[in-house]
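Asks: Whenever a hint applies, use it, and build me the whole structure from the sequences.
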Amino acid sequence: MGKYFEALGEALPFMLDGLLLTVELTIGGALLAFVIAVVLGMGARQKNIWVRGLCRTVIEFFRGTSLVVQLFFVFYVVPQLFDIKLPSLWVGIIGLGLNYGAYGAEVVRGSINSVPSGQWEATTALSMGAWQRFTRVIFPQAWALMIPSLTNLLIQLLKGTAIVYVILMHDLTYETDKLRTDTSTYFAYAVGLLVYFAVAYLFTLVMNALEVRAKHNLGRGESLREALSFKAPTKETAGASTGGGMG
Amino acid sequence: MTDQPIWSWDATWEVLPKLLHGFFTATLVVTVVSTIIAAILGLIIAIIRRSAPKPIAAAFTLIVNFIRMTPIVMQLLFAYAAFTSVSGLTIGIIIFGIHYSTYMAEVYRAGIEAVPPGQWEACTALSMSRARTWVGVVIPQALRATVPALGNYAISMFKDTPFLVSISVVEMVQAGLAYGGSHFRYTEAITLAGLIFLAASYPTSLLVNRLEKRLAYTT
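Protein sequence lines, in the order shown, are assigned to chains A and B.
With the first letter of the first sequence counted as 1, position 11 gets the number 11 in full-length UniProt numbering; the numbers rise by one all the way through.
With the first letter of the second sequence counted as 1, position 78 gets the number 78 in full-length UniProt numbering; the numbers rise by one all the way through.
Hints in this document: simulated from the structure, not taken from any laboratory.
Covered by chain B, per the in silico footprint, the following chain A stretches (three or more residues, Cβ under 8 Å):
#1 160 to 170
#2 191 to 198
Within a straight-line C-alpha distance of at most 30 Å, the following computed BS3-like cross-link-like pairs (lysine-lysine) qualify:
#3 Lys47(A) <-> Lys213(B)
#4 Lys178(A) <-> Lys3(A)
#5 Lys85(A) <-> Lys178(A)
#6 Lys85(A) <-> Lys18(B)
Built from N, CA and C at the ideal position, the CB exists for glycine as well.
Replies: Here you go:
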């Protein structure tokens, strides 16, 4: 066993590089996914049939095809079609962002729809402008509703990043598989899986903290202490169906 | 841009049978068998977590969370490396079944919790055995609410099957990549694979949503 830890010590810098890449992909993918989710989610609520139809089509397209297919499409087909070579990190972020952005769009749409109509009426009564109404009244409330579902999606996204090693990226999965040659299968994968678990746990804690803060800003919710528990702070759901569930 | 056409119909007709072959021999097999495994295993996990002694239930919760929160790709790679005598397809079916059972266990949990407490009390009043309470009263009511959600997980498992690429199972996407690698043309193979996924999963998810509405109205 001591030999294994020695090998792990030697592999540690590579493991950390792999971990860094995994975290970069997760955060980059999540940020892109969030932007796409808000744009598509808002678009899917518009009265104009063309805007709504376009957004729905894009959402259903990316939800209906598989994450891996989309990733390979960006990796193999996009360069062939447009004669450009994207850096692999971009390929990963774009593939993950598009897929989870489409799932997130449903969360955003559902959460905005769940904001009580009285809130909309109140903004009209106060003659707020469209931008002010949205940023000051509607979105903060929808945001608190959508965080639990977004947390699930974020963990899904983190786990989805593990596939990028097939497009030749040296992420945590790749480095774990390499550690296997110097140690044993069981040891290497135990380390790798524990690291993924720890990262997922950390992301969950951060999102729970965000949820507590979002609720606190709305005058609900108590303290940040609940954010330290494993479960989401409340059983309240976003009222948003993620439809196909997890990508 | 190379001198190749953007879309070649020759390549399309050449790769389509390979994709469909992979679809029927691996993609569909894994989806169907793993869904059945996951649905049964998930129910068992949900029941154990609810009725087993506290320490056992807590240990189960930890294991389930660990499986849920780690990538299925890595679980596939691990099982593939650890059990070398087992075929990739079998590994895939088992790992997909176990991984998704942890999601389905949550669905069952919600369904079981939705059964009114009065039902449990009635069973006690009628002095039904524990097993009979579960099988005769609780599970039938819980299942009604959970079937649509299980359907959604089956669909997302279907879309996750290309993860099997990591352990070289020739499902649809692997078949497409093999063709692309030998002909230096990925466009048709990957696009078609995506369209086949869309053609299979979108109508199914519409059906599941309709089922959800129907079951919701009548309960």
